[in-house]
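*Asks:* Let chain A serve as the given structure and place chains B and C on it in line with the hints.
Protein chains in written order, with the working numbering: chain A, 1 to 136; chain B, 1 to 391; chain C, 1 to 381.
These are calculated hints, taken from the structure and not from any lab test. The structure presented is a predicted model; accordingly, all values stated were derived computationally and were not measured. Wrong hints could be hidden among the right ones.
Quick list of in silico lysine-lysine cross-link-like pairs, BS3-like style, CA-CA up to 27 Å [to be verified]:
hint, chain 1, residue 1, chain 2, residue 2
1, A, Lys33, C, Lys46
2, B, Lys7, C, Lys7
3, A, Lys23, A, Lys33
4, B, Lys287, B, Lys38
5, B, Lys369, B, Lys237
6, B, Lys7, B, Lys369
7, B, Lys5, B, Lys234
8, C, Lys7, B, Lys5
9, B, Lys180, B, Lys313
Where chain B lies over chain C, by a calculated footprint (3+ residues, C-beta under 8 Å) [unchecked claim]:
hint, region
10, 71–77
11, 82–92
12, 99–109
13, 240–246
Sample of chain A residues with no beta-carbon within 12 Å of chain C, all distances over it, derived [to be verified]:
hint, residue
14, Tyr12
15, Val45
16, Gly78
17, Glu91
18, Gln93
19, Ile110
20, Met114
21, Glu121
From the three backbone atoms N, C-alpha and C, an ideal C-beta is built for every residue, glycine too.
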Amino acid sequence: MPYLPMPPPLPYVESEGFWEGCKRRELVIQRCKDCGAYHHPPIPVCPACQSWNWEWAKVSGRGRVEGFTIVTRAVFPGMPVPYNVVRVELEEQERLLILGNLIDCQPNEISVDMRVRVTFEDVSPEITMYYFEKTV
Amino acid sequence: MDTIKDKTAIVGIGWTKFGSVKRPLLESQYTLACQAIKAAIDDAGLTLKDIDGIMRFSFDSNDPVRLADSLGLNLRFFGKSMYGGGGGCACVAQAAAAVHAGLANYVVAFRALSQSQDVAFGHFAGRFAERRGIPGPMGWTIPFGLMSPAQGAAITASRHFYLYGTTSQHLGNIAVAERKHANQNPNAFFYDRPMTMEDYMNSPMIAAPLRLFDCCQESDGACAVIVTSAERAKNLKQRPVYIMAAAQSGIWYPNSVNLLDKIPDIVEDETWRLAQALYRMAGTTPKDVDVAEIYDHFTIHVLCALESLGFCKRGEGGPFTEGRRLEWPDGELPLNTSGGHLSEAYIHGLNLIVDGVRQLRGTAPAQVKDAEIVLCSSGNAVPTSGIILRR
Amino acid sequence: MATITDKYAIVGIGHTDYSLNSGRSELHLALEAIMAAIEDAGLGFKDIDGIVGDHPIRVDAMTIGSALGLRDFGFFIETDFAGGGVSSGLLHAIAGIEAGRATNVVCYKSLNGSSKLTLPGLAFAAEPHELGFTRPFGLLAPVVYAALAARRHMHQYGTTGRQFGAIAVACRKHANRNPSAIMYGESMTIEDHQNSKMIADPLRLFDCYVEADGAAACVVTSAERAKDLRQRPVCIMAASQSCVPCLSRWTKDPTLNENETSYLARQLFTMAGLVPSDVDVLQIYDDFTPVVLMAIEDLGFCSKGEGGPFVEGGRLEWPDGKLPINTSGGNLSEGCIDGFNHIIEAVKQLRGTSTAQVKDAEIILVCGATGVATSGLILRR
Numbered sequence: 001m002p003y004l005p006m007p008p009p010l011p012y013v014e015s016e017g018f019w020e021g022c023k024r025r026e027l028v029i030q031r032c033k034d035c036g037a038y039h040h041p042p043i044p045v046c047p048a049c050q051s052w053n054w055e056w057a058k059v060s061g062r063g064r065v066e067g068f069t070i071v072t073r074a075v076f077p078g079m080p081v082p083y084n085v086v087r088v089e090l091e092e093q094e095r096l097l098i099l100g101n102l103i104d105c106q107p108n109e110i111s112v113d114m115r116v117r118v119t120f121e122d123v124s125p126e127i128t129m130y131y132f133e134k135t136v
Numbered sequence: 001m002d003t004i005k006d007k008t009a010i011v012g013i014g015w016t017k018f019g020s021v022k023r024p025l026l027e028s029q030y031t032l033a034c035q036a037i038k039a040a041i042d043d044a045g046l047t048l049k050d051i052d053g054i055m056r057f058s059f060d061s062n063d064p065v066r067l068a069d070s071l072g073l074n075l076r077f078f079g080k081s082m083y084g085g086g087g088g089c090a091c092v093a094q095a096a097a098a099v100h101a102g103l104a105n106y107v108v109a110f111r112a113l114s115q116s117q118d119v120a121f122g123h124f125a126g127r128f129a130e131r132r133g134i135p136g137p138m139g140w141t142i143p144f145g146l147m148s149p150a151q152g153a154a155i156t157a158s159r160h161f162y163l164y165g166t167t168s169q170h171l172g173n174i175a176v177a178e179r180k181h182a183n184q185n186p187n188a189f190f191y192d193r194p195m196t197m198e199d200y201m202n203s204p205m206i207a208a209p210l211r212l213f214d215c216c217q218e219s220d221g222a223c224a225v226i227v228t229s230a231e232r233a234k235n236l237k238q239r240p241v242y243i244m245a246a247a248q249s250g251i252w253y254p255n256s257v258n259l260l261d262k263i264p265d266i267v268e269d270e271t272w273r274l275a276q277a278l279y280r281m282a283g284t285t286p287k288d289v290d291v292a293e294i295y296d297h298f299t300i301h302v303l304c305a306l307e308s309l310g311f312c313k314r315g316e317g318g319p320f321t322e323g324r325r326l327e328w329p330d331g332e333l334p335l336n337t338s339g340g341h342l343s344e345a346y347i348h349g350l351n352l353i354v355d356g357v358r359q360l361r362g363t364a365p366a367q368v369k370d371a372e373i374v375l376c377s378s379g380n381a382v383p384t385s386g387i388i389l390r391r
Numbered sequence: 001m002a003t004i005t006d007k008y009a010i011v012g013i014g015h016t017d018y019s020l021n022s023g024r025s026e027l028h029l030a031l032e033a034i035m036a037a038i039e040d041a042g043l044g045f046k047d048i049d050g051i052v053g054d055h056p057i058r059v060d061a062m063t064i065g066s067a068l069g070l071r072d073f074g075f076f077i078e079t080d081f082a083g084g085g086v087s088s089g090l091l092h093a094i095a096g097i098e099a100g101r102a103t104n105v106v107c108y109k110s111l112n113g114s115s116k117l118t119l120p121g122l123a124f125a126a127e128p129h130e131l132g133f134t135r136p137f138g139l140l141a142p143v144v145y146a147a148l149a150a151r152r153h154m155h156q157y158g159t160t161g162r163q164f165g166a167i168a169v170a171c172r173k174h175a176n177r178n179p180s181a182i183m184y185g186e187s188m189t190i191e192d193h194q195n196s197k198m199i200a201d202p203l204r205l206f207d208c209y210v211e212a213d214g215a216a217a218c219v220v221t222s223a224e225r226a227k228d229l230r231q232r233p234v235c236i237m238a239a240s241q242s243c244v245p246c247l248s249r250w251t252k253d254p255t256l257n258e259n260e261t262s263y264l265a266r267q268l269f270t271m272a273g274l275v276p277s278d279v280d281v282l283q284i285y286d287d288f289t290p291v292v293l294m295a296i297e298d299l300g301f302c303s304k305g306e307g308g309p310f311v312e313g314g315r316l317e318w319p320d321g322k323l324p325i326n327t328s329g330g331n332l333s334e335g336c337i338d339g340f341n342h343i344i345e346a347v348k349q350l351r352g353t354s355t356a357q358v359k360d361a362e363i364i365l366v367c368g369a370t371g372v373a374t375s376g377l378i379l380r381r
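Only chain A is shown next, with the shape it has when bound in the complex:
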């Protein structure tokens, strides 16, 4: 079950590998083979060194909440509120940010800098979504 009643993402050329990773229940992030820098979301060229050689690298899935909001007003009718949106900084690299939802927290349990880890949820035959849950 998805956390929110929204359609899942449609993979596009550069993001296909990411969603294939999610199906394997692995969080994979674009990493440059030449300089080792991570980048998300993926683009064809490494922004740090302009190399075209990159790979999908499995990351630990652990990180900290860097910023968040609790949405209390629905953007369209039928959207259940409140829900949270979190920006997570993954531990592999400073400022390696990914957006997601904390699926096991009440609004008052969420704070900036709390530790989280990735979790996965099948939402359709094609897509497994990644989310986050609190951790120590």
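*Replies:* Frame of chain A; chains B and C shown alone:
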């Protein structure tokens, strides 16, 4: 380096009445654009035949073909600036560049919006709810419920509160100041509705920590300005308002999920870099600015911009809003003196530029005594732009 | 003459292969072309401080800038009207450099026009209301608009389908010399053209452009800086846009003497201090042959109505024609990169590196898509 400093001027301004999604105007975005542009031409004492350039923003569907048709224009310079609300001052900047280069004589920069008839920015994501899947880069945000600019701004606010102890009252100071200014402006949407801090704190939460009154309106209306050379400006109807500086700035936030992200602890963010370019070109400092027209899609972004533009240090934006510092008539830095996007109307930055010009002509509804220099900024948290104007 | 005449130059060009299926995203193609153009100029990526293009979703200035490692830059403008706008990118670049806002500006175009591998854009504003007057009547595609105008021109001036065909034959001949062209290996005679199937009468298959996947880019800088760079600079004598009233395509009257193309020509020739007979090679937007013919008239190469006879007798053909056009094959036979391929080919001609090199080519006019708001350039060696 040769720049456009003082070589061009804004010589005409025009605007329509303002409506909103709740009290819509009946006119289409197209009609509103023509009205505002015509008003600016009349204000300048020009004719339609004089206009030979147009700059618009990317979401505006009034392309030059339509406008040339309705207004009978022959154009030789036209283009768009991008990134939504970051593009308003960029239109003026490129208009000035065209004039300076001899590529056009009189260039219009404008914005027309009908959020009641078209899609309001806070609601466009609702269109995706019935789709099979979310395409492209929006797939990184919409499925997770990040669907509106307010929600993105709220994430920024959470971080600013965490890092610097900023509070909702600090944000409320901004909203209250702008409402006070709107109460002086008969064309402002909230002209006849005052707001206290208590009213602000009691307004419903939209995306914590942002409340309803932290957010700009969803407006119908249009504003336009006309740019020409300082030389030609001398012979026109109005006192010229000279463009001291005009610049754009875009930085790629490292590993930014999307353009709605603002990372407030980056000291040299896009608005900081914009400010460096503007002050260098103008030869001024923040202390020289008499009135600030700072893009206020959300109060938190104004607060961040006050820091980035050098009016106070990074992290001190909260305390800077205290003590009525931002309020006309006596505040040290009157802010958005027509009521801004929060309380006048959300014309994507163009109403802020129009008010800045009025301040320097001496015709603003909340006129700041002896206003000599005005800084206008476009949206931050997106690739942005700004201008510095003087009498 | 305008202030900018001869002050700016194209110093680097780059493009991808042109194909019917690139197998890559438009962003990937754009980066290939842009990086190639920067390297061609002998510049480093970090020397770029401005980016101008039509910025489709995710192929925008910030994404490109980030990929190039530009942490910040101060000049980015969006052009419009697809094929009408590609030359305007260089005009806007010039305005920005002249204003001191940038020094080396990239202009680019990227599209998967054949495979359609593209990301949908955001739509905030209402659909143009004019479509309500055209779509219900089957005016669904540009080819139909062009067909209407073509039929009127034939009626008014006696222009024939064979004369339209002469344009197609010239472009194909040039493509047959250009290994990058999609139609490189396929020759075409006028009989082949006349036998090709009708698409929208009087337009046949070979009157219409070839959809393509690909990207192209160039780097613009001041003539001063250009002297120190790797390639022989190609000087921009003139650049302008044009948008005049009554430009809605379905009302385009090919018998009018004044229109957006004649207005463009006046701006360009005045800026450059030239006349049409000074032009050695014409790179002219060629989505449909009748549109090319009409534009040749409107640009002033011949009188209104005389385009038919003008294009006959090999006049448009390399090596001996008096006005060779689209010497890499154009949109009709190289592949439609929305006319950015015309800018690239103009530069190659003036550098002396074209696959259909016109002897002593000195002055080239680049004309964008007509029937829409348009733009163009006059370039010289």
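*Asks:* Indicate, hint by hint, whether the structure satisfies it.
*Replies:* Hint check results:
Distance check on the hinted pair: Lys33/A and Lys46/C sit about 21 Å apart at the alpha-carbon level, within 27 Å; holds. As the CA atoms of Lys7/B and Lys7/C are separated by approximately 20 Å, the hinted pair is consistent with the 27 Å bound. Among the hinted pairs, Lys23/A with Lys33/A is consistent with the structure: their alpha-carbon atoms are about 23 Å apart, no more than 27 Å. For the proposed pair Lys287/B and Lys38/B, the alpha carbon gap of about 36 Å is over 27 Å, so the pair is violated.
Between Lys369/B and Lys237/B, the direct Cα distance comes to roughly 23 Å. Compliance with the 27 Å bound is thereby established for this hinted pair. Between Lys7/B and Lys369/B the CA atoms are separated by roughly 26 Å; this keeps the pair inside 27 Å, and the hint holds. Simply put, Lys5/B and Lys234/B have alpha-carbon atoms about 16 Å apart, close enough for the 27 Å limit, and the pair holds. A distance of roughly 20 Å separates the Cα atoms of Lys7/C and Lys5/B; the hinted pair therefore holds under the 27 Å criterion.
Between Lys180/B and Lys313/B, the direct Cα distance comes to roughly 26 Å. Compliance with the 27 Å bound is thereby established for this hinted pair. Coverage of the region 71–77 of chain C by chain B holds in this model, with 7 residues showing a Cβ closer than 8 Å to a Cβ of that chain against a need of three. A count of 3 residues in the region 82–92 of chain C with a Cβ less than 8 Å from any Cβ of chain B is obtained; the coverage claim is therefore met, three being the minimum. For the region 99–109 of chain C, the stated coverage by chain B is satisfied: 3 residues place a CB nearer than 8 Å to a CB of that chain, which reaches the threshold of 3.
Proximity of the region 240–246 of chain C to chain B, defined as three or more residues with a beta carbon under 8 Å from a beta carbon of that chain, is established by the 7 residues found. For Tyr12/A, the non-interface assignment is contradicted: its Cβ lies about 6 Å from the closest Cβ of chain C, within the 12 Å cut-off. Non-interface status of Val45/A relative to chain C is broken: a Cβ of that chain comes within 12 Å, the nearest being about 4 Å off. The claim that Gly78/A lies off the interface holds: its Cβ sits roughly 22 Å from the closest Cβ of chain C, which is beyond the 12 Å cut-off.
For Glu91/A, the requirement that its beta carbon stay farther than 12 Å from each beta carbon of chain C is met, with the minimum near 23 Å. No beta-carbon of chain C comes within 12 Å of the beta-carbon of Gln93/A; the shortest separation is about 16 Å. The Cβ of Ile110/A sits about 30 Å from the closest Cβ of chain C, beyond the 12 Å cut-off, so the non-interface label holds. No beta-carbon of chain C comes within 12 Å of the beta-carbon of Met114/A; the shortest separation is about 29 Å.
The claim that Glu121/A is not at the interface with chain C holds, since no C-beta of that chain comes within 12 Å of its own (minimum 25 Å).
Of the numbered hints listed earlier, those contradicted by the structure are 4, 14, 15.
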